[in-house]
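Enquirer: As a plain string of letters, each chain reads:
Protein chains: 2
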Amino acid sequence: MMINPLTGYGVSKVVDSVHPDFKKGDLVWGITTWEEYSLITSPESLRKIEHTDVPLSYYTGILGMPGMTAYGGLYEICSPKQGEYVFVSAASGAVGQLVGQFAKLLGCYVVDLLKNKFGFDEAFNYKEEPNLDAALKRYFREGIDIYFDNVGGKMLDAVLLNMKFNGRIAVCGMISQYGLDHPDGVYNLIRLLMGQIRMEGFWVTKYYHLYHKYLDMVLPNIREGKIVYVEDMVQGLESGPAAIAGLFTGRNYGKQVVEVARE
Amino acid sequence: MMINPLTGYGVSKVVDSVHPDFKKGDLVWGITTWEEYSLITSPESLRKIEHTDVPLSYYTGILGMPGMTAYGGLYEICSPKQGEYVFVSAASGAVGQLVGQFAKLLGCYVVDLLKNKFGFDEAFNYKEEPNLDAALKRYFREGIDIYFDNVGGKMLDAVLLNMKFNGRIAVCGMISQYGLDHPDGVYNLIRLLMGQIRMEGFWVTKYYHLYHKYLDMVLPNIREGKIVYVEDMVQGLESGPAAIAGLFTGRNYGKQVVEVARE
Numbered sequence: 001m002m003i004n005p006l007t008g009y010g011v012s013k014v015v016d017s018v019h020p021d022f023k024k025g026d027l028v029w030g031i032t033t034w035e036e037y038s039l040i041t042s043p044e045s046l047r048k049i050e051h052t053d054v055p056l057s058y059y060t061g062i063l064g065m066p067g068m069t070a071y072g073g074l075y076e077i078c079s080p081k082q083g084e085y086v087f088v089s090a091a092s093g094a095v096g097q098l099v100g101q102f103a104k105l106l107g108c109y110v111v112d113l114l115k116n117k118f119g120f121d122e123a124f125n126y127k128e129e130p131n132l133d134a135a136l137k138r139y140f141r142e143g144i145d146i147y148f149d150n151v152g153g154k155m156l157d158a159v160l161l162n163m164k165f166n167g168r169i170a171v172c173g174m175i176s177q178y179g180l181d182h183p184d185g186v187y188n189l190i191r192l193l194m195g196q197i198r199m200e201g202f203w204v205t206k207y208y209h210l211y212h213k214y215l216d217m218v219l220p221n222i223r224e225g226k227i228v229y230v231e232d233m234v235q236g237l238e239s240g241p242a243a244i245a246g247l248f249t250g251r252n253y254g255k256q257v258v259e260v261a262r263e
Numbered sequence: 001m002m003i004n005p006l007t008g009y010g011v012s013k014v015v016d017s018v019h020p021d022f023k024k025g026d027l028v029w030g031i032t033t034w035e036e037y038s039l040i041t042s043p044e045s046l047r048k049i050e051h052t053d054v055p056l057s058y059y060t061g062i063l064g065m066p067g068m069t070a071y072g073g074l075y076e077i078c079s080p081k082q083g084e085y086v087f088v089s090a091a092s093g094a095v096g097q098l099v100g101q102f103a104k105l106l107g108c109y110v111v112d113l114l115k116n117k118f119g120f121d122e123a124f125n126y127k128e129e130p131n132l133d134a135a136l137k138r139y140f141r142e143g144i145d146i147y148f149d150n151v152g153g154k155m156l157d158a159v160l161l162n163m164k165f166n167g168r169i170a171v172c173g174m175i176s177q178y179g180l181d182h183p184d185g186v187y188n189l190i191r192l193l194m195g196q197i198r199m200e201g202f203w204v205t206k207y208y209h210l211y212h213k214y215l216d217m218v219l220p221n222i223r224e225g226k227i228v229y230v231e232d233m234v235q236g237l238e239s240g241p242a243a244i245a246g247l248f249t250g251r252n253y254g255k256q257v258v259e260v261a262r263e
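Chains as they are written, first to last, in the UniProt record's numbering: chain A, 1 to 263; chain B, 1 to 263.
Hints in this document: simulated from the structure, not taken from any laboratory.
Please note: incorrect hints may appear among the correct ones.
Identical copies carry no separate label here, and so any pair may be met within one copy or between two of them.
Stated by the list, open to error - Using 20 Å as the maximum straight-line C-alpha spacing, the simulated EDC-like pairs for lysine to aspartate or glutamate come out as follows:
1. Lys154 to Asp216
2. Lys154 to Asp184
3. Lys127 to Glu44
4. Lys23 to Glu50
5. Lys104 to Asp216
6. Lys213 to Asp53
Quantities reported herein were computed from a predicted structural model and do not represent experimental measurements.
Model the full structure from these sequences, guided by the hints.
Expert: Here's what the structure looks like:
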């Protein structure tokens, strides 16, 4: 979903609180505003940070909303099994890089554009491929079991031509379609029927009840170096607008983080 | 799925058998060929008919493959709850009429084009509506929870604009798209994401293990007259080609059955 640019997921320290669940000095993550000090009047989205042996910025990503997005969409919608073929589009972002790595840990074959950094099996850049269907057929000779969609539009349409029977598509985002007056047509939906394929849009909020289960899985993998988590950190609130614009042109590599202040 | 016109679901009496599960005189339903006497070499699709207090032709429909299709798609994919809004396209067929009636029995609000016959709440003919989105908004002021799709294409596209949050779409057929050189584009898939909607194509074979559970539900409803099941019966094998062609022009009203022979 589109994010209102005046709010976003951040990591903060409580400087004062009259709420019984939060006290001065607590570290929290959740929805905050783009400013140095914020008055939080509806703290429902805030969660206390319990593990501080990992970078705090991770709570804007792998240990926060994007991590839960990757986990919920992949585990709950797609139920990946060892040996299955997984395609992640826009794997350069916070969510995509995690989906691919989680799938690798589960023994899947994973393709996207970050082959070297994250140890995926194959890679291509969807913005540079004249024929997406041919590119997918090159990398998935036996077809795709799981597609984690962050792109939508023509990419989704080409993937539909390459899905295996009983395939699953988690629709996490459709960044190619945001803001278009005339969205791309998708012509291959009959493949849902031919291939008994499930396609499901989701919001991360559906899966927050699994947050502690997720931490139990992901924290050991982070500590043991089995998951590489890449951030693209810029300094200062004034860098925010350019950073958010870059998400739509593919400028970032890894989770885009704006560091407002550091202790 | 398209049906090979040389085979189809039929009801037959065994005239001879060397298979241990079938003996002379048994009534069976399953995939047979379009002829008066057939040699069945792979009887895996055949099931013995155990209840004969209902018309035998029902085993080509409500008590056979179409019944299981309606049941599997509605119950297993869509999990209807009392008070939910259900839209069934092409409700004039064998599957559609059952989906709508099952949903009514569960306390749902049901719209399609067979209002008077089957007791649905509202009705319209998708082939005569110049603006499908407006028609849906007229009948579903609060939106659609469940769409049982038999049509695909422009109908599906309009439905996407009217789905409620957490909606479910069972893709059972896309009859408007069969045989097209250039299928219709679907432009509103971003609604899957906005509305956390699940869309799933399925084959009836996925649900055959539930057949006895289904009979336990449907047989009492048939016997008590709580379900109306309409057949469009034509006589003689020679009527078959015209009958099958009529499915694509909307000529039939109710399940199209060809009576080859009667005892």
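Enquirer: Hints first: check each against the structure and report whether it holds.
Expert: Verification of the supplied hints:
1. In this assembly of identical chains, Lys154 and Asp216 lie within 20 Å of each other by CA distance neither inside one copy nor across copies; the values are 37 Å within and 45 Å between.
2. For the homomeric pair Lys154 and Asp184, the shortest alpha-carbon distances inside one copy (7 Å) and between copies (14 Å) are both at most 20 Å.
3. Taking CA atoms no more than 20 Å apart as the test, Lys127 paired with Glu44 passes in neither setting, with 39 Å inside one copy and 48 Å between copies.
4. In this assembly of identical chains, the alpha carbons of Lys23 and Glu50 lie at most 20 Å apart only when taken from the same copy (14 Å versus 69 Å across copies).
5. Taking the shortest alpha-carbon separations for Lys104 and Asp216, only the intra-copy value of 18 Å comes in at or below 20 Å, while the best inter-copy value is 44 Å.
6. In the homo-oligomer, the alpha carbons of Lys213 and Asp53 lie at most 20 Å apart inside one protomer (18 Å), although the nearest pairing across protomers, at 53 Å, exceeds that limit.
Of the hints listed earlier, those the structure fails to meet are numbers 1, 3, in rising order.
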